[in-house]
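Residue-level listing of the chains:
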Amino acid sequence: DAEITQSPRHKITETGRQVTLACHQTWNHNNMFWYRQDLGHGLRLIHYSYGVHDTNKGEVSDGYSVSRSNTEDLPLTLESAASSQTSVYFCASSRGSSAQHFGDGTRLSIL
Amino acid sequence: GESVGLHLPTLSVQEGDNSIINCAYSNSASDYFIWYKQESGKGPQFIIDIRSNMDKRQGQRVTVLLNKTVKHLSLQIAATQPGDSAVYFCAEIPQGAQKLVFGQGTRLTINP
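Listed in order, the protein sequences are those of chains A and B. Counted from 1, the first sequence has number 105 at position 105 by the working numbering; the numbering is strictly sequential. Counted from 1, the second sequence has number 25 at position 25 by the working numbering; the numbering is strictly sequential.
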């Protein structure tokens, strides 16, 4: 069955370090999205991609970057981790304007 | 600006009762709406969707109602079970867009 997987599921790191979160989907979806979820804020869009080599900023993109070199993967990089980036991160994918399928998230703690 | 919100942040119902979760949206140009369920430690899971050319859609134990006149969306869950306890999000996709606009979520608790 097609799926979307995120890794790692949990990560603890220190401020200032570069961190990369992986997202891999086997739906063959053209669209991929990264969200963060914090108490009191719901899901907020960080970056998204509508296809290979396409990337776009979401509402909370500062401090994050993505690259899309193939259909299946959209890694999210925190260039220099800050404590304010402690959160749960979700990746999602969709075909066109259809419903998005979500991974089970990465819980990131920055100390 | 565009927003999708929820009237009630928490809802408790007795097991076996029906529950209704409400959502208001502000973008009258939106033409696709989705309800997601999120259990603890998991990502949002698709429950049911509806397009703007419909006012009702039914699934297994769930019904979504869309009232475009007042820009209101609701999710009805029949005969609730303990496994229905979760946070429920409504989301919309504005016409011509491919991104979701999410609401804050409603926590549904099923009491035994």
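These are calculated hints, taken from the structure and not from any lab test. Misleading hints may appear alongside valid ones.
[To be verified] Calculated lysine to any residue pairs in the SDA-like style (CA-CA distance at most 20 Å, straight line):
{"#": "1", "chain 1": "B", "residue 1": "K99", "chain 2": "A", "residue 2": "K11"}
{"#": "2", "chain 1": "B", "residue 1": "K42", "chain 2": "A", "residue 2": "D54"}
{"#": "3", "chain 1": "B", "residue 1": "K99", "chain 2": "A", "residue 2": "G96"}
{"#": "4", "chain 1": "B", "residue 1": "K71", "chain 2": "A", "residue 2": "T86"}
{"#": "5", "chain 1": "B", "residue 1": "K99", "chain 2": "A", "residue 2": "R107"}
{"#": "6", "chain 1": "B", "residue 1": "K42", "chain 2": "A", "residue 2": "G96"}
{"#": "7", "chain 1": "A", "residue 1": "K11", "chain 2": "B", "residue 2": "P112"}
{"#": "8", "chain 1": "B", "residue 1": "K99", "chain 2": "A", "residue 2": "D54"}
{"#": "9", "chain 1": "B", "residue 1": "K42", "chain 2": "A", "residue 2": "S61"}
{"#": "10", "chain 1": "B", "residue 1": "K99", "chain 2": "A", "residue 2": "T86"}
{"#": "11", "chain 1": "B", "residue 1": "K71", "chain 2": "B", "residue 2": "A24"}
{"#": "12", "chain 1": "B", "residue 1": "K71", "chain 2": "B", "residue 2": "Q38"}
Status of the hints after comparison with the structure:
1. B:K99 x A:K11: violated, 28 Å
2. B:K42 x A:D54: Answer violated: K42 of chain B to D54 of chain A is near 28 Å, above 20 Å.
3. B:K99 x A:G96: Roughly 9 Å between the alpha carbons, so the hint for K99 of chain B and G96 of chain A holds.
4. B:K71 x A:T86: violated, 35 Å
5. B:K99 x A:R107: violated, 23 Å
6. B:K42 x A:G96: Measuring from Cα to Cα gives roughly 24 Å; hence the hint is violated.
7. A:K11 x B:P112: Roughly 36 Å between the alpha carbons, so the hint for K11 of chain A and P112 of chain B is violated.
8. B:K99 x A:D54: Answer holds: K99 of chain B to D54 of chain A is near 14 Å, not above 20 Å.
9. B:K42 x A:S61: violated, 23 Å
10. B:K99 x A:T86: With Cα atoms ~24 Å apart, K99 of chain B and T86 of chain A exceed 20 Å; violated.
11. B:K71 x B:A24: Answer holds: K71 of chain B to A24 of chain B is near 6 Å, not above 20 Å.
12. B:K71 x B:Q38: With a Cα-Cα distance of about 24 Å, the restraint between K71 of chain B and Q38 of chain B is violated, given a limit of 20 Å.
Hint check: violations occur at hints 1, 2, 4, 5, 6, 7, 9, 10, 12; the rest are consistent with the structure.
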